[in-house]
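Residue numbers (this note's numbering), protein chains in the order written: chain A, 1 to 217; chain B, 218 to 1202.
For the record, the hints were derived by calculation from the structure and aren't laboratory data.
This one's a predicted model, so the numbers in the text were calculated from it and none came from an experiment.
Wrong hints could be hidden among the right ones.
Taking lysine-lysine pairs in the DSSO-like style, the calculated list, with each CA pair at most 30 Å apart, reads [as the list claims (entries may be wrong)]:
#1 K820(B) - K923(B)
#2 K1133(B) - K200(A)
#3 K820(B) - K794(B)
#4 K128(A) - K116(A)
#5 K66(A) - K1133(B)
#6 K794(B) - K903(B)
Here are some chain B residues the structure puts well away from chain A; computed CB gaps all over 10 Å [to be verified]:
#7 R269
#8 D275
#9 P282
#10 A348
#11 D357
#12 H432
#13 R745
#14 G812
#15 D896
#16 S1053
#17 S1054
#18 E1126
#19 D1159
#20 D1161
A few chain B residues that don't get close to chain A, going by computed Cβ distances all over 10 Å [to be verified]:
#21 D359
#22 V425
#23 D637
#24 E657
#25 E1055
Using N, Cα and C, we set each Cβ at its ideal position, and we do this for glycine too.
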Amino acid sequence: MTRRTVIIVVLVCLALGAVIFAQAATVRLPGNDQGYSPVQPIAYSHRLHAGELEVPCLYCHSGAEKSRHAGVPSASVCMNCHRFVTATQAQVQEEEAAARRAGRDPRPVFSPEIRKLYDALGLGTDGKRDPSKSQRAIRWTRVHHVPDFVSFDHRRHIAAGVECQSCHGDVQTMERVSQSSDLSMGWCLSCHRDSNARAKADRDPHRASTDCVVCHQ
Amino acid sequence: MHLNAVDPNAGRAEAAAGAGEHAVSRRSFLRAAGFAFAGAAVAGCDRALTHRIVPTLDQPEGLTPGRALHYASTCGGCTAGCGIVAKTRDGRPIKLEGNRDHPVSRGGLCAVGQAMVLSLYDSQRLDHPTAGRERSSWADVDRTITQKLARIREERGAVRILSCSITSPTTRAVIERFLGSFADGRLVEVDALSASAILDAHLRTHGVRALPRYHFERAELIVSFDADFLGTWISPVEFTAGWRAGRVLDNHPHRMSTVVQVESRLSLTGAKADERIPVRPDEIAGLVGGLAGLVGARAGRRIVTGAPEADATLGDLADRLWRARGRALVVSGTNDAGVQAAINAVNEALGAYGTTLDIEEPSYQRRGDDSEVADLVGQMRAGRIAALLVHGCNPVYELPDALGFAEALEKVPLSVGFADRLDETTSLTSYDCPDHHPLESWDDAEPVAGVLTVTQPTVRPLRGTRALRESLTAWTGAGERRTDRDILRAHWRDHLFPRQSAHPTFDGFWDETVRQGFAVLAAERALRAFDSSREIPSPAARVGSGMALVLYPTVAMHAGQHAHSPWLHELPDPITKVVWDNYASLAPVTARSRGIEQGDIVKVTVGERRIELPAHIQPGQHPEVVAIPLGYGRMGTDRFAGIGPEWLQGRPTVERGQTVGTRAAGLAVLRDGAVQLPDVEVEVAKTRRRVNLACTQDHHQIEEPKEIGGERRPVVQELGFAAFEAGERPESHEEELRSLWPEDHPMRGHHWGMVVDLSACTGCSACVIGCQAENNVPVVGKDEVARHREMHWMRIDRYYADEAGRIETLMQPLMCQHCENAPCETVCPVLATVHSSEGLNQQVYNRCVGTRYCANNCPFKTRRFNWFDYRHEDRMENMVLNPEVTIRTRGVMEKCSMCVQRIQEAKHEARRLGTKITDGEVETACQESCPSRAIAFGDLNDPDSEVSRLRRDPRNYRALEEIEVRPSVSYLALVRPGSRGGRHG
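For reference, chain A alone in the conformation it holds in the complex:
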């Protein structure tokens, strides 16, 4: 082996080490998806809806109260508001002004994202079912996911008064949702243990169980 080869090998090793060292802060254990923030088919903003407009979480994720799944709302739930709201107020006012200038009736204005919702439902711009359009389900990308050997139940946590934010982070500030906790077993258990200690202090009969079968069925 020549001296040159040895130097090259050492340099490559050093470079690799440097790369790994530099990424150490972001390297996660397998299965840990903290920070995962996939692009969704419709750029739905939780910041706008849950933050600015203060729509309660359970208005859309109504399953959380009565089912293990919080659920993603049906398109018909979106339409409760978006039958009337199809664009930002500024866009609507702009169109109204333009119509006034041109001396015509204002045309319906659609933001491109809300147009996707209407397309999925096969609706025309008048909000009526357009038979020439086919209906197409919206395929959202799941953000929070626990392994299949874990059975998480939303309703129990809602009933116990756990805030949505304590697991999902400050969703009302997120333009696009990202996973804020690591959803690891240790993270679950630390909360169960803390609330147990609190319940004990408050003499509350309801305890967060740490039995295995509570999550692993």
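Starting from the known structure of chain A, fit chain B onto it as the hints suggest.
This is chain B only, laid out in the frame that chain A set:
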């Protein structure tokens, strides 16, 4: 139970929603995740898998993803018409349970009924009609069949519908209307398990061809001649519930009926009977005649003519029957009208009509007429039948070969089947127009007079099938199209609604009936008096010599209708414990004298016909009998060649081109207008070949380690009824034991426990399949079972006690005992099995590394190890998986969890609603399915719970008390009259 009212459109949207959310199966996820983890370790920055959530566009009202909906319906597994409640999750039915309020089945559901949910997801069900075995379309089939039928109408040709017993009033009306459009149209009913002789006998004695309704709950003394009423005879769930009601030991006053079983093979009823008399099958006629003579003598009149001399046993039986008159019942499963007429005479003399059996409000569960079938085949052979429609039966497979149905079928110009696949019959018919699965269809039934049940769809049809009534309506007259639901509703509005008065409007009546699954209407009661003017000749005793043949249905296969269900094939037969095969059962003494051993292939020659089968040695069977189960050798069962894991030493469950087991139905004969056992001498000869019968009999034995003697540990305790009444109790060691363990795990909240009543358990194995469906227990195939690797979380241990040549059979359901001092927990090196604060022995799959120490240390041998990934051989069957229960991967241990997912669900709901769990709110799958309600489950910390009450019962004992493992499951000792008592293991 809360039942959901049906929304006919709900299933469609549900199905759409469910498909998206579960597009990735758990198992495929785990496998993919394994690769992904490896990838993630390298890449370390991106997420492994993308999961989609696809919500419905418009959520149907009342539907929340993740919440189960329950629909009341009717089981279509046989014609008994038991009530079911189908649990659906996200649009898929995943579990069937008995309908607790149902007047016929009273909450139980047998193994076959439990397995109906799996056959829904059978990908081999036809997706289209066929013409000449080739794929066709409904439009084409309708056009050609309508044309051909029109020509038959013009030519005044004969049209016949051959069907299994039709209990549905609407179907009968539609068939009548269809057949009425022809000059010569007739419905012929045939039952694969025929009760034709009982109906014929009632025509003779009561002037009506009907099947009486048997009320076993009112009988104190039941004498059964070869009627396996707890196992397979007519309506076993109903009869088991009735039998159970006659045996009450946990409430005062005690009730204890007695069952005397006269039979040739060991049946489930025989195993549970209090007295059992093994006889040759051809001796029964003489015995019934003798008994009729003796009972007549007690009654002071002659009830049969020419009764033979009878022996002392019969004299004693007649005395007891006479003393119990009004509370006695005599039944027979023999398909000989002469015998059945004598049985009727005995029942009449005993005053049983109107008390323990009812012919005035009869049962419609069997309506078949074997002699009509014989006439039909004759006409077919003579070319006098222009069109034959075959529904709900498989005559080429089920009927005796001597009838020659297959050859006669070739002479019929137009033959149409309605089977869900090309089977023995529909592969010979000109067309097959597949009918829906019972879980996909609307239907109704009147199993017993006055009880009308409704079948409602729980899912949109998965295959391109069409309901029988829609097909017939389309072919009647002017090609009218009506949906099945409309046909059904119209019939109910016009014919059944007027029979009730509780509901003022039809819609109210219909909605309530569909919600609860049944309606009890005024029965069309007709006074049927016993016609004493007609003489009943004593049945002629024709006792042959040599060996006699017995063909019998098994609990799992019946007559072969369920041969495509892997669950039922892998269900150990309650008596023989053999899976995946049928066999020729021989008594031990017979086998020994011929040098035949278990698994030897024997040649059984019946007249000119012979079949070859492996031999099975069966204690308790009459020595001159060879007994062969029906229902095997079904066409297309070589599909199971792919079941079980593929590995070097693995052997296929069935070879390609072969069938599972051998068909035996062809050996029967038609005699005196009924399908009967052949009365010729049967030759049984050993061949040189042998096979390995997969028999779970000696698996998981509970015995001491070999080093300290290897003795069997007694786990079943038995007491005689008289001794129990005199104060005898099961053996207990509780007081003398001192535990090595400190009392440091108090259970302050709930303490879940179970009590199994061995007196009530018949061993019918409904619980085994119920558990399999609930807990995603895989099917492993014949070879794996032969290697002791069956995965059932609960098994029914069957013990024989041989007392002076008399076989006594004991059954004990055994599942994880959830020991308080669990031996498995102390040996697990990774703490994958630990105790919960509520007394459950938890198994944590994701922590298990598969050392199998726990299984070795389990004294009850209830732990099961995943040697492979046991995936469904039919991928569509993945849809039956319960999403609440983790799928176990290769290399982990599993066992009964006491349906912890159901406990959790109840707790979640109680917390949500701010209530407490009440006793009986959580039911385990085994408990729920049990037709005799032998299993109780609940909170031992609640002194008023059912399970606590039973724990205080004097019969209560815990298995292996002497080793101080303190199981949370306890047993109530078996108490029966005529038993000497003792401990068995």
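The hints, checked one at a time:
At most 30 Å may separate the alpha-carbon atoms for a hinted pair to count; K820(B) and K923(B) exceed this at roughly 39 Å. Distance restraint check for K1133(B) and K200(A): the Cα-Cα separation of roughly 20 Å lies within the 30 Å cut-off, and the hinted pair is therefore satisfied. Proximity of K820(B) to K794(B) is assessed by CA-CA distance (about 22 Å); at most 30 Å being required, the pair is judged to hold. Our distance criterion of 30 Å between C-alpha atoms is met by K128(A) and K116(A), whose separation comes to about 15 Å.
Proposed proximity of K66(A) and K1133(B) is supported: the alpha carbons are some 17 Å apart, at most 30 Å. Of the supplied pair hints, the one linking K794(B) and K903(B) holds, its CA atoms being roughly 22 Å apart against a limit of 30 Å. Against chain A, the non-interface label of R269(B) is violated: not every CB pair exceeds 10 Å, the least being about 5 Å. Here D275(B) does not stay apart from chain A, with its beta-carbon only about 4 Å from theirs, under the 10 Å limit.
The Cβ of P282(B) does not lie farther than 10 Å from every Cβ of chain A; its closest approach is about 5 Å, which violates its non-interface assignment. Listed as outside the interface, A348(B) is consistent with that label: its C-beta sits roughly 33 Å from the nearest C-beta of chain A, beyond the 10 Å cut-off. For D357(B), the non-interface assignment is confirmed: its Cβ lies about 28 Å from the closest Cβ of chain A, beyond the 10 Å cut-off. Every beta carbon of chain A lies more than 10 Å from that of H432(B), the smallest distance being close to 42 Å; the non-interface claim holds.
Against chain A, the non-interface label of R745(B) holds: every CB pair exceeds 10 Å, the least being about 54 Å. Every CB of chain A lies more than 10 Å from the CB of G812(B), the least distance being 52 Å, so the non-interface label holds. Its beta-carbon lying about 56 Å from the closest one in chain A, D896(B) satisfies the requirement of being farther than 10 Å from that chain. Here S1053(B) does not stay apart from chain A, with its beta-carbon only about 4 Å from theirs, under the 10 Å limit.
At the 10 Å boundary, the C-beta of S1054(B) falls inside the reach of chain A, the nearest C-beta of that chain being 6 Å off. Not every C-beta of chain A lies more than 10 Å from that of E1126(B), the closest at about 8 Å, which undercuts listing it as non-interface. In this structure D1159(B) is separated from chain A by more than 10 Å, as the shortest Cβ-Cβ distance comes to about 16 Å. Non-interface status of D1161(B) relative to chain A is upheld: no Cβ of that chain comes within 10 Å, the nearest being about 20 Å off.
No beta-carbon of chain A is positioned within 10 Å of the beta-carbon of D359(B); the least distance is around 29 Å. The Cβ of V425(B) sits about 54 Å from the closest Cβ of chain A, beyond the 10 Å cut-off, so the non-interface label holds. Distance check on D637(B): its Cβ is at least 30 Å (rounded) from any Cβ of chain A, clearing the 10 Å threshold; non-interface status holds. Its beta-carbon lying about 23 Å from the closest one in chain A, E657(B) satisfies the requirement of being farther than 10 Å from that chain.
Not every CB of chain A is more than 10 Å from the CB of E1055(B) (nearest about 7 Å), against its label as outside the interface.
When the structure is compared with the earlier hints, violations turn up for hints 1, 7, 8, 9, 16, 17, 18 and 25 and for no others.
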